[in-house]
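Participant: Chain residues, written in single-letter form:
There are 2 protein chains.
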Amino acid sequence: MTTRPDLEALDRADPLAPFRERFALPRGQLYFVGNSLGAMPKASAERMRRVVDQEWSQDLVRSWNRHGWVDLPQRLGDKIGRLIGAAPGETVACDSTSVNLFKALAMAVKLRPGRRVIVSDADNFPTDLYMAQGLSGWLGDGVELRTVALDRLDSALGEDVAVVSLSHVNYRTGELFDMAAITRKVHDCGALMLWDLAHSAGALPIELAACGADFAVGCGYKYFNGGPGAPAWIHVAERLHAQVRSPLTGWFGHERPFAFEGHYAPAAGIASLLVGTPPILSMSALEASVDLMLEAPMAQIREKSLRLSAAFIELVEQHCAGHGLQLVTPREPGRRGSQVCLRHAQAWPVMQALIARGVIGDVRAPDILRFGFTPLYLRYTDVWDAVSALAEVLRSGEWQREEFQLRAKVT
Amino acid sequence: MTTRPDLEALDRADPLAPFRERFALPRGQLYFVGNSLGAMPKASAERMRRVVDQEWSQDLVRSWNRHGWVDLPQRLGDKIGRLIGAAPGETVACDSTSVNLFKALAMAVKLRPGRRVIVSDADNFPTDLYMAQGLSGWLGDGVELRTVALDRLDSALGEDVAVVSLSHVNYRTGELFDMAAITRKVHDCGALMLWDLAHSAGALPIELAACGADFAVGCGYKYFNGGPGAPAWIHVAERLHAQVRSPLTGWFGHERPFAFEGHYAPAAGIASLLVGTPPILSMSALEASVDLMLEAPMAQIREKSLRLSAAFIELVEQHCAGHGLQLVTPREPGRRGSQVCLRHAQAWPVMQALIARGVIGDVRAPDILRFGFTPLYLRYTDVWDAVSALAEVLRSGEWQREEFQLRAKVT
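Residue numbers (my numbering), protein chains in the order written: chain A, 88 to 498; chain B, 88 to 498.
Chain A on its own, in the form it takes in the complex:
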């Protein structure tokens, strides 16, 4: 039986413990939603002040040169690349994950002209499915989305498949998939592989290049701690650069944007995936937080993440048994991302009652309680305190209070 002193000992020995100081955490609360919106690095707030009060206010347009605004998407892209096992020049920060999914799917479909099928996990994050549906419905030339339960992926693969689009970690269950094995299987059928790393990048070691992935996208606001709606990023394997052609040919993707020429000529390499003027305020906040991520060894992040989630699972089973909770996330460490999901018939009011006790998790409809584990700012003892609060909410039945039944617009 794990005790609170056991966890205190783990905190004392934790090599990542000093990182907690680098975040401005919500006072009096334990925050388990870093998998949805990461906590704020103090350096991001400082960076925002500098960008606003000096770069924008004082240096204005000259900041494009003087403060490197014009290179920010590529500079930041390369930093993100180091966190996902990509080579320099393969990743660029831009747009939203959804828009980047569109680019990647569109490019992939063009690269496999005889094949018209996009395969995806039926339980993929909705926007991944929606962007593929939009593309196929709008193209209307036979491109179609085929969804399948991921454990039956083989049944969906065939010579008609242009691209397989999957999330590395399922947003609802926290299950982690085998990137190398799936990519190999997809390539064996002649299709291209697109990974959505929104729920894994920054949380665990990723080796995109070693796995041979073709495309990847991800967001900046979850484990990268880039701030609400932070810019996303897109990765294209270097071997495809000469062949791909994005449908979104904006001026920042031009070879010479400031020559203001009348004809589009794509920039060499990943820069051709840029579209409009980059959002400097949001992107600067993300750069500051990615710089912080780069200071922490990813292997240590993963090790602590798995220990945190394992402790959570163990403690929930010890202290919350008999209250209708069901573990959704795989128990095997190798199949677990950095979140733990529990099913409960009254997930919504249970979570509201837990939040009222200062433990912040979230809910995914209809019945999933989600807890994200972010090793840079969570302590082992936080896990103990969170499970204690959850046990108390369930034991007392306080979640049945009327105030906890009211649904919010964003769940």
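Since the hints were made in silico from the structure, they are not lab data. Misleading hints may appear alongside valid ones.
In this list, chains with the same sequence are indistinguishable; a pair is considered to hold if it fits within one copy or across any two.
Said to hold, decoys possible - As a list, the in silico SDA-like pairs of lysine to any residue whose alpha-carbon atoms are at most 25 Å apart:
1. Lys-129 - Asp-146
2. Lys-272 - His-410
3. Lys-197 - Arg-332
4. Lys-197 - Arg-494
5. Lys-129 - Asp-165
Fair warning: this is a prediction, and the values are worked out from it, not measured in the lab.
Since the structure of chain A is provided, determine the placement of chain B on it from the hints.
Facilitator: Only chain B this time, still in chain A's reference frame:
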């Protein structure tokens, strides 16, 4: 002959003069590039501090409900709509101007199935041309871009034209076009009209609804003062809402994004044009600056803008004659946006020498000096002082110094 005391008198009588206090302007400089990147409203800096230090840092995910993050794109879109003569529910803040051009062009082409031509001004802003080229090249089903000198627009119109895409003010010459007359002409040939208002919105009264425009896009970082790379916006006339279908079908454009359903169902109205998670930091800064714009009567902004630019033209002709400057911008007030462009064979070094004297303008290749007029933070006397400095740069020949020849990455 206009004298400096004449301009001092105009400043004293200026009803917009109090707005200057509301901006944090660059110290010791006169800033004439608000048509490229607007100066920083003090309220934007305050808003950023609140969003960062309270909403992100302390309230985190709960801010989606508590601080109205989830409604920000529509709330801000409606505010922008008031500045461009649109009805509520017709405008939404999202993505970049380039991405919004793609959506509008793609929707327009779908609405006119028998017609395959996109018409644009050969001298339109490059990204407007590039996005159309990308769309047509990528679709490969006969959709093509036809460019024409705008004074010969009639020659390009015909029964094969699906949509005409034009900028309201030319970015290089400052010429303002007649929105009502052109829209009528385009509709007469059965095509749809897309206006890019990047260089006019916030600078002069616009009546999109009264002109019958179908689509419009624009950016947030020029006359709206929303900050570098601020989010853009898109407008679709309400009468088209039931028919249009964006190819970019992301989760924020879904009818019930937080139900996490597997099939895309577009939100009613303009919200279906949203794609990914909105960039809250950048969008909050833009909302603060748009709120400021809404306090100033647009007719007063236009009146002062024209007086500023008229004074600039007059003073340049008085004080800079014989130095090779040529006025590019139309002299007639009704054909002038809120910038004045001068051609000079040595535009680049002349501008660098002027900047060294603390007067900030910019250059557009190959030979255009640009000066933007932003009535909320420029004084009439600033125009006098800028022209005096320009005259001195030209008279002294100091622009010939070696230090002013070096080109920067961003011009």
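Participant: Determine for every hint whether it applies to the structure shown.
Facilitator: Each hint, compared with the structure:
{"no.": "1", "hint": "Lys-129 - Asp-146", "result": "both (24 Å within a copy, 15 Å between copies)"}
{"no.": "2", "hint": "Lys-272 - His-410", "result": "neither (41 Å within a copy, 70 Å between copies)"}
{"no.": "3", "hint": "Lys-197 - Arg-332", "result": "both (8 Å within a copy, 22 Å between copies)"}
{"no.": "4", "hint": "Lys-197 - Arg-494", "result": "neither (43 Å within a copy, 38 Å between copies)"}
{"no.": "5", "hint": "Lys-129 - Asp-165", "result": "within (22 Å within a copy, 34 Å between copies)"}
Checked against the numbered hints above, the structure violates hints 2, 4; every other hint is satisfied.
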